[in-house]
Structures are given as structure tokens and as C-alpha cells.
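Colleague: Sequence:
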Amino acid sequence: MEFRPISKPQPSEYPEYSHIYMDLLEDDDKILEHLWRNFLEIKEYVYQLPDGKLYYRYAEGKWTIKEILVHLIDDERIFAYRALRYGRNDSTPLHGFDQDRYAIHSEANSRSLESIFEEYESVRKATITLFQYLPKNSFLHAGEGIDFDGSIINKRTVRALAYHIAGHELRHFNIIKERYF
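The C-terminal position of the sequence shown is numbered 1392 in the numbering used here, with every residue numbered one higher than the one before it.
Quick caveat, the hints were computed from the structure, so don't treat them as lab data.
Positions of the beta carbon are idealized from the N, C-alpha and C atoms, including for glycine.
Just to be clear, a hint being listed does not mean it is correct.
Computed list of lysine-lysine pairs in DSBU-like fashion (alpha-carbon distance at most 30 Å, straight line) [said to hold, decoys possible]:
no. : residue 1 : residue 2
1   : LYS1264   : LYS1254
2   : LYS1273   : LYS1347
3   : LYS1347   : LYS1388
4   : LYS1273   : LYS1366
5   : LYS1254   : LYS1219
6   : LYS1241   : LYS1347
Quick list of simulated restraints, FRET-style, between CB atoms [to be verified]:
no. : residue 1 : residue 2 : range
7   : ASP1239   : GLU1332   : 19 to 25 Å
8   : ARG1312   : ASP1262   : 24 to 30 Å
9   : GLU1330   : ASP1262   : 27 to 33 Å
10  : TRP1247   : SER1323   : 19 to 25 Å
11  : ASP1262   : SER1302   : 43 to 49 Å
12  : ILE1231   : GLU1332   : 35 to 41 Å
13  : PRO1304   : GLY1263   : 39 to 45 Å
Based on the sequences and whatever the hints tell you, model everything.
Modeller: Quick look at the structure:
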């Protein structure tokens, strides 16, 4: 498949804190290609780990590798949903999510690695397909996020959401490689 080019967003298209994700990504318009390659690289890397490493926590309260993988799936689903809403010009502010609560209730550690990667691949293909076929003019559509207290906390464009998904994944992959050994 030939992936459509999507330009990297400008800093005005995402909240300030997102630079930790955006700064990890090249400015080469190949974000969809990156999403697919990075999925394959993570899968290969994780499958080479000893089984015990999948349950390791580098500090109290930190997630296991399995929990990180399911967190990446959850985050991708949520941010792709936002991209769909904003891409269809629905600017209704959307609530954030409590990532720690999601991780606790994911029961990731009781799942097989195969089931996690089956879900991950399915979500990734859906995400790529969404961004591949959204109308070109929708990439600058934007929407707002709502904090837990109801206040508007940030604004993102559709293309910033694509880059968020990729950068967020890359950040967690880097953390796995740096802190889980």
C-alpha cells in the first residue's frame, strides 16, 4: 500500500505538553508509514523478551510491558476516534480519559501476548485506514478536549492527532528500552 503524505503539525495545532511526542518524529510527511513500521518493530522487540520481563515494573506503581501495550491500544483508539469526530467537522469538546484507571481495568497481565498483538494490529490497521481515507481538507479541522472539571484544556487538529498517536507510541517504546532492563 502506498501511504498518503500528512504534513507534521505546527505547534499551534496541539497542546504544549504534546511536544514530548512531536519532537520524536521526523518532519517527512510519512507518518502513516511510520505507524506501520513502528508497530512491526515493537512487536518484534517484545516477542524477543523473556516472558518474565512482560510483568516487570521498574518502580512501584509503574505499568508492566503488557499494560503499556494495552495502554497504547486504548490511547490510539481514543485519539483515532477524536480524529474521526474532528475530521467530520464535529467540534464537540471531548472528555479526556483516566489512563491509570484504564490500565488497572484492562487486565492486560492476564492476557496472552498473542491476544494483545492481535488487538494492537487490528487497531493499527483501522487507524492507518482512517487517516489514509479522510478527506484531505479535514486534516486542519480541530476540536477541543475537556478536563475532568469541565474546563477546556487543549485543542488539536486531525493531523496533530495522527502525530500524537505515533509520538506517544514511540515515547513508550523508548521507555521500555531504557527502563525495563
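Colleague: None of the hints should be skipped; say for each whether it holds.
Modeller: Consistency of the hints with the structure:
no., hint, result
1, LYS1264 - LYS1254, "holds (14 Å)"
2, LYS1273 - LYS1347, "violated (39 Å)"
3, LYS1347 - LYS1388, "violated (36 Å)"
4, LYS1273 - LYS1366, "holds (28 Å)"
5, LYS1254 - LYS1219, "holds (25 Å)"
6, LYS1241 - LYS1347, "holds (15 Å)"
7, ASP1239 - GLU1332: 19 to 25 Å, "holds (24 Å)"
8, ARG1312 - ASP1262: 24 to 30 Å, "holds (27 Å)"
9, GLU1330 - ASP1262: 27 to 33 Å, "violated (19 Å)"
10, TRP1247 - SER1323: 19 to 25 Å, "holds (23 Å)"
11, ASP1262 - SER1302: 43 to 49 Å, "holds (46 Å)"
12, ILE1231 - GLU1332: 35 to 41 Å, "violated (26 Å)"
13, PRO1304 - GLY1263: 39 to 45 Å, "holds (43 Å)"
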